[in-house]
Every structure is written in C-alpha cells, then in structure tokens.
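> Using the sequences provided together with the hints, build the complete structure.
Quick note, the sequences are listed as chains A and B, same order.
With the numbering used here, the residue at position 14 of the first sequence is 14, and numbering never jumps.
With the numbering used here, the residue at position 44 of the second sequence is 44, and numbering never jumps.
Be aware that a few hints might be false.
Said to hold, decoys possible - Cross-link-like lysine to aspartate or glutamate pairs, in silico, EDC-like; alpha carbons within 16 Å at most:
1) B:49 - A:100
2) A:38 - B:88
3) B:109 - B:85
4) B:113 - B:85
These are computed hints drawn from the structure, not numbers from a lab.
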Amino acid sequence: DAMVIQNPRYQVTQFGKPVTLSCSQTLNHNVMYWYQQKSSQAPKLLFHYYDKDFNNEADTPDNFQSRRPNTSFCFLDIRSPGLGDAAMYLCATEGGGYNEQFFGPGTRLTVL
Amino acid sequence: AQSVSQHNHHVILSEAASLELGCNYSYGGTVNLFWYVQYPGQHLQLLLKYFSGDPLVKGIKGFEAEFIKSKFSFNLRKPSVQWSDTAEYFCAVNYGGSQGNLIFGKGTKLSVKP
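Structure (structure tokens):
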C-alpha cells in the first residue's frame, strides 16, 4: 500500500545532542510537510517542500532544519534539542489536487 | 487572520448518543475543509473532506459533515457513537487552495463511555 513512513517511531536524545528524524513516502507526492504536535494541541507546521523548493514558517526556530534529497525522502534535523522540543513530529505529503494531506505515524521525541 | 475554531475541548458521551462537533473558520474565500481523527497512540487519519458540490459529505465510520458557507461552519456529526470512536478530532481548513496553508483547529477530545 502507498504510504508515509516515519522512522524511528520513538526517539530519545539528550539536551543539546543533534537528532535527525526521517520520513519516506511511496505516494510520489511532490509536497512534503513537517509538523510538530505537542500533547492535546493541534499540529503546528514547521516547514514544507514543494519538490525541492523549501518553505519555512516564519516562527519556526533556526534550531530546526530540513533536507529533501529526493522525492521520496525528507529529513528533520534538530541541531540542539531543548526540553521544549519534546513532542510528536508528523510528516505529511500532499498531491493529486485538493490539498488533502496524508500523514505518517509520527516520531515521538523525548529530550532528557 | 485565518483561523479555525473548535468550540468543544472535551466531549463526553455515552454509547449510542448522537454527536455533533462544531468547527468554524474565518475568511470568506475559497476553502477546502477536512476532518481528521487521531485515535489514542495513532496517527492522524482523514475522516472526510469537502471541496465542492453537495455540502453534506459522508466519510468513513458513519461520520458526516455539513458545510454551511453562510455560517463559515463545517460541523461533524454521527447519529450513534461507539466506544471505539473515542479519539481526538481535528477540523482543518485549507485557504485558497495553496500548499502549506492548512490551518488546524485545536481539536476536540471525544470520550465515549461504554
């Protein structure tokens, strides 16, 4: 089945230690998103790619970076995680019109 | 500013009760409307969507929603809830058909008592 895959599902890191979360998709969609979701809150858009064009939200901290080496893969790099960065990180894709987004299962990040 | 409001933070119902979750959005232009569900420990799944046409849309698991343009609303309904409907429900609105412009409401947690 076509899908959005996120690895790992759970990630533990130490305060200040860089961490990378990965997302892959088999939908061949040209748009990929990264969201941060904290407990009992709505997903918050961090940035998105339209093909290789990167679009950063104005309030996304510089601590968060992203890479998209090809259509299928997208990475979220957190350069120096703080305690406030502990959250669920959701990857989503969009394609085929009408702006419907397809979400992956998320990576729950714990910062010690 | 573009925004989406979900008025109920937490709804508690007994099984077989009827459900209606409110969603209102700002802005009067072109919108695409979505309801997503997030079961405990799981990822966001699309329940239903509205792009155009019949304003009453039917989704999965017996859910439906009605788009009322004059009220800027897209309320979610189900005639008879089940314990398995316990989840968080998010209304989301895409403004203007552009990428990166999906605005989520804060979500409504639904607890269904068996």
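> Would you mind marking each hint as holding or not holding in the structure?
Tested hints:
no. : hint         : in the structure
1   : B:49 - A:100 : holds, 8 Å
2   : A:38 - B:88  : holds, 13 Å
3   : B:109 - B:85 : holds, 10 Å
4   : B:113 - B:85 : holds, 10 Å
Comparing the model with each numbered hint stated earlier shows that all of them hold.
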